[in-house]
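Novice: Spelled out, the chains give:
Protein chains: 2
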Amino acid sequence: MIDIDVLDRNIERMAASLRNRGLKLRPHAKTHKTHEIASKQLAAGAVGLTVATIGEAEVFVEGGASDIFIAYPLWVDTHHADRLRQLATVATIAVGIDSVEGATAMGRSLGADAGSISVLIEVDSGHHRSGVLPGEVSLVARAAAVSGLNIAGVFTFPGHSYTPGMPLAAANNENEALSLAAAELASAGFDVKEISGGSTPTALLEGETVATELRPGVYIFGDAQQLELERCAWDEIALTVATTVVSRHEARSGNVRRIVVDAGSKILGSDRPGWATGYGRLADYPDARITALSEHHATIEWPENTDLPMLGQRLRVIPNHVCLAMNLVDEVTVVQDGSLVDRWSVAARGRNS
Amino acid sequence: MIDIDVLDRNIERMAASLRNRGLKLRPHAKTHKTHEIASKQLAAGAVGLTVATIGEAEVFVEGGASDIFIAYPLWVDTHHADRLRQLATVATIAVGIDSVEGATAMGRSLGADAGSISVLIEVDSGHHRSGVLPGEVSLVARAAAVSGLNIAGVFTFPGHSYTPGMPLAAANNENEALSLAAAELASAGFDVKEISGGSTPTALLEGETVATELRPGVYIFGDAQQLELERCAWDEIALTVATTVVSRHEARSGNVRRIVVDAGSKILGSDRPGWATGYGRLADYPDARITALSEHHATIEWPENTDLPMLGQRLRVIPNHVCLAMNLVDEVTVVQDGSLVDRWSVAARGRNS
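Protein chains in written order, with numbering that gives the first Met the number 0: chain H, 0 to 352; chain V, 0 to 352.
Errors might be hidden in some of the hints.
If you want the footprint, here are the derived chain H segments under chain V, 3+ residues with CB under 8 Å [to be verified]: (1) 105-116; (2) 322-330.
Now the in silico label distances, taken between C-beta atoms and shown as ranges [claimed, not checked]: (3) H:E330 - V:E330: 54 to 60 Å; (4) H:E229 - V:D81: 42 to 48 Å; (5) V:D76 - H:V46: 45 to 51 Å; (6) H:Q85 - V:E330: 18 to 24 Å; (7) V:E175 - H:R12: 55 to 61 Å; (8) V:D4 - H:R82: 44 to 50 Å; (9) H:V340 - V:E61: 52 to 58 Å; (10) V:R107 - H:E249: 21 to 27 Å; (11) H:A250 - V:A168: 48 to 54 Å; (12) V:A187 - H:V340: 39 to 45 Å; (13) V:A168 - H:Q85: 53 to 59 Å; (14) H:R82 - V:A168: 50 to 56 Å.
These are calculated hints, taken from the structure and not from any lab test.
We put the CB at the ideal spot given by N, CA and C, even for glycine.
Assemble the whole structure, with the sequences as input and the hints as a guide.
Specialist: Next up, the structure:
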């Protein structure tokens, strides 16, 4: 259930922030997977979209997107190459790389069409997932150039910003890694057209950056993780999951009061970082805690000073990680002032490859 | 990717175990959500199916299932009642209840058709999720009877069996709770037709039980949780996720060797109990550890004495919780002796309500 007014405000706030700083916005569409929201982002000034997979790129290009960055170190075999080649005939396509082998495989598979695809070299800014370290950028760039690919620049994702107290340090790490990588690429004789950074927590800090563009995703909806990281406010939450109380347990000796609602990991997703207070939050009861989650049950411990909801009562749950929740449904309901105004198809749901 | 020979062996082993003990098998179809597997389970002697939602019941009844237990304390409004009424015209339908209010609401919404639906009263055997405690069974049963519902028996789910060292204790708790609940229901003058128990970990223990039927789900596939609970063996894993190495990092000072494969929480699900060794296991590398998971990346720490896989290499990942993995795809590939032999639609994927 998406509140369209909150969504529109979130889209405009991020767009304005980047516009004011002279940065390009290339929002990550894996968060929403939805044509209607991509259109709103592009209308608000986004230069293009970011996606994670070729499948997502296909969906958004089919929907009219003309400039897509697949921010992922794809391993491109001949089958993938056919799909990339097809995409590049109708849109500007960039892809991530983080290894000599990956660049070589991509170039070999694309053959004579390698030059139709731009690549950005991923650098590790502290998240220690994919990405090369400073000093390895030029090696990968040269392999890509030899393979006929078009070198566009560098990118990073400061995923370690998803920890309380870390967004500022992660933003500094991100800026430093991008600076070093861009300098290394320039020293190796390449034209650095794009320096692309992450993430919702760091983008909203509005610090100094060498980046030319940012790729936040979650900012359009917010979620319980962003709330607990203090990177969004309660009234900036645009997406909630409608649930019903199905089981209710008043305090017994030794037990806390609890209710069970009919939303579980198959609708909320089950991401739960160690620092999170639970498996999501209740939109109207900030002191309630979702202490356990199974596929169709969320167990909620209820604060002592508040009446326990009645059986059959409707409650709105804020998922911990909204990208997972969107990927679990084929359709979302869109509300305005509490009334249903539209339904949107989650067009790229499940497009994992 | 499902290995059909392993699947068939798993289906037959559970069926034989229950047959030999004179127990009815009513497998939980939320695990697979697939007509082809439901048919195999019924052909192997299952008396019917268990599901979690009305939507799942609708899919399986449409596929020909004639006897369904929705093992969930549904809150039944008039819309749900219409759907249950429709189902009951073509199949035998039972539903869980765990409160006077829930039973009353269901009876009121069904009106004159209340008698077409059987109910089983859920008891809490130690999982502390939904379910009543001993002593409350007769109260709920009387409310259901007054509402015109057909009382069929009692059920429980010993979810606390999903902890290392707990399956035996949980099975004992389950048996004790079912004994007490059945005795209480009989004392209140009701005919106890069914005493229905869980779960894959407890069902495979083959202990003494008062249950008349069991509702295991995961046993057909196994998963990394069941492996680590020692409730299935490596060669009993029927479902794996095919992945490709996309990023590779040999040891650096202070860092462990790691690879990244292109399977994340959007294909594996992100359930990770505190006792698990990681976010799933590698089918062919038992010493590798999936230490981090994002939407499209699994970060894998590699054991020291084994060569780090090459970029582009294919690896099979065993998800932690297979029910979540199935719910993320529209289709599965079926293999035999390593060759593709079929594709099955995950017909009830996303049917959360």
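Novice: Against chain V, does the stretch 105-116 of chain H show at least 3 residues with beta-carbon separation below 8 Å?
Specialist: violated (count 0)
Novice: Taking the CB of R82 of chain H and the CB of A168 of chain V, does the distance hold inside 50 to 56 Å?
Specialist: Distance hint for R82 of chain H, A168 of chain V holds at roughly 52 Å.
Novice: Does the Cβ distance between V340 of chain H and E61 of chain V fall inside 52 to 58 Å?
Specialist: violated (31 Å)
Novice: Taking 54 to 60 Å as the stated bounds, is the beta-carbon spacing between E330 of chain H and E330 of chain V within them?
Specialist: violated (19 Å)
Novice: Using the C-beta atoms of E229 of chain H and D81 of chain V, is the stated range 42 to 48 Å upheld?
Specialist: holds (45 Å)
Novice: Should the hint that A168 of chain V and Q85 of chain H are 53 to 59 Å apart at their CB atoms be regarded as holding?
Specialist: holds (57 Å)
Novice: Hint says 45 to 51 Å; check whether the CB-CB distance for D76 of chain V and V46 of chain H agrees.
Specialist: holds (47 Å)
Novice: CB of Q85 of chain H to CB of E330 of chain V, is that within 18 to 24 Å?
Specialist: Given about 22 Å between the Cβ atoms, the range holds.
Novice: Take a look at whether the Cβ-Cβ distance between D4 of chain V and R82 of chain H falls inside 44 to 50 Å.
Specialist: violated (32 Å)
Novice: Please test the hint of 48 to 54 Å on the beta carbon pair from A250 of chain H and A168 of chain V.
Specialist: violated (25 Å)
Novice: Looking only at beta-carbon atoms, does the pair A187 of chain V, V340 of chain H fall within the given range of 39 to 45 Å?
Specialist: The hint (39 to 45 Å, Cβ to Cβ) is violated, given that A187 of chain V and V340 of chain H are roughly 50 Å apart.
Novice: Three residues minimum, CB to CB under 8 Å: does the stretch 322-330 of chain H make the cut for coverage by chain V? Let me know.
Specialist: With 6 residues close enough to chain V, the hint holds.
When held up to the earlier numbered hints, the structure conflicts with 1, 3, 8, 9, 11 and 12 and fits the remainder.
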